[in-house]
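Q: Sequence:
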Amino acid sequence: MNGQLSTPAKPEFAPPPQLYFVVSAIFHYLGPAFAVLLFARVEPLGVAWLRIGSAALIFAAWRRPWRHFLQLTPAARWNIAGLGVVLGGMNACFYLAIDRLPLATVGAIEFLGPIALALAGLRTQRNSVALALVIAGVWFLTHLRLAGAPLGFAFAFANCALFTLYIVLGHRVANDGGGNAIDGLAAAMLVALVVVTLIGIRPATPALLSLPLLAAGIGVGVTSSVIPYVCDQLAMARLPRATFAMLLALLPATACLVGAVVLHQLPGRAETTGIALVAAGIAIHREARRQGRTDFTQRLER
1 MNGQLSTPAK PEFAPPPQLY FVVSAIFHYL GPAFAVLLFA RVEPLGVAWL
51 RIGSAALIFA AWRRPWRHFL QLTPAARWNI AGLGVVLGGM NACFYLAIDR
101 LPLATVGAIE FLGPIALALA GLRTQRNSVA LALVIAGVWF LTHLRLAGAP
151 LGFAFAFANC ALFTLYIVLG HRVANDGGGN AIDGLAAAML VALVVVTLIG
201 IRPATPALLS LPLLAAGIGV GVTSSVIPYV CDQLAMARLP RATFAMLLAL
251 LPATACLVGA VVLHQLPGRA ETTGIALVAA GIAIHREARR QGRTDFTQRL
301 ER
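Numbering (my numbering), first residue to last: 1 to 302.
Among the clues, some could well be false.
[As the list claims (entries may be wrong)] For each label pair, taking beta carbons as the anchor points, the in silico distance ranges come out as: (1) V262 - L151: 16 to 26 Å; (2) T197 - A280: 42 to 52 Å; (3) P206 - L266: 22 to 32 Å; (4) L151 - L37: 16 to 26 Å.
Everything labelled a hint here was simulated from the structure, so no lab data went into it. Just so it is clear, CB atoms sit at the ideal spot from N, CA and C, and this is done for glycine as well.
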């Protein structure tokens with residue numbers, strides 16, 4: 001003891017969970033937009049395999065999730081396994097859909113499931129108005145675009161159902177991992193790799209024989225799975241499920257903007273109106289207070 005009073009440690013800065021969600025929303029469709037450009041050389045299921053495979057290997061090297069997985073309860077392990085199966089199927093359906101339909105259309109259909117989750121979590125009149133605005137916004141983003149191959153819509157709605165399951169299981173993994181939800185996500189990604197390998201390894205062969213295509217596939221994996229899924233877990237751990245579902249209204253607007261910038265699918269007056277309505281709904285939505293939620297962001301660097 002040197003007789004000096006210790007200086008209290010400054011609290012670490014914790015970014016608001018909404019910031020994690022915005023980053024996730026941007027990369028959620030930025031990566032797939034680049035993936036569309038790969039479709040000329042690699043089939044959609046092959047691109048899905050490249051995305052999941054590269055992400056799974058990155059997560060495995062970064063987190064070594066098997067150590068965390070073995071310490072979990074059987075129920076938590078089943079949640080991770082279920083999330084992995086959903087991730088594999090969701091990515092396959094998503095790429096098969098965007099190969100046939102505009103990115104904004106698939107993004108809007110993807111939002112239909114989370115609407116139900118948001119409705120289930122409504123608590124105030126203010127949030128009811130906010131949800132009405134975002135639903136109107138999504139309608140403006142989609143009603144002029146509901147045309148295309150029937151098979152494309154089948155894959156889009158299958159992706160919607162799986163995306164809803166991703167939200168439910170993702171929240172469970174984020175909140176039952178004892179502060180190690182990123183490790184749970186990494187384990188789930190290995191499960192997803194097994195699932196998608198069954199249907200995607202053969203279509204991915206051209207990329208495995210071409211270094212530029214392989215590098216592009218890895219880039220899609222980083223931008224589509226590593227960055228957004230990590231941000232999702234960080235947001236899910238600190239946001240109620242209904243609030244997270246509400247914020248998902250940003251996805252159709254993000255898809256529209258990314259489609260315009262990367263794929264030159266320019267939005268019209270209706271789409272622009274839809275983006276404005278979605279932004280208004282998100283702005284007036286108010287999150288319910290939650291008590292006792294564990295924040296694991298400080299453990300991310302472990």
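Q: Regarding P206 and L266, is the given constraint of 22 to 32 Å on their beta-carbon distance met?
A: About 31 Å separates the Cβ atoms of P206 and L266, which means 22 to 32 Å holds.
Q: Are V262 and L151 spaced within 16 to 26 Å by their CB atoms?
A: holds (24 Å)
Q: Regarding T197 and A280, is the given constraint of 42 to 52 Å on their beta-carbon distance met?
A: holds (43 Å)
Q: In this structure, is the beta-carbon distance linking L151 and L37 contained in 16 to 26 Å?
A: With Cβ atoms ~22 Å apart, the hint holds.
The structure is consistent with each of the numbered hints, conforming to all of them.
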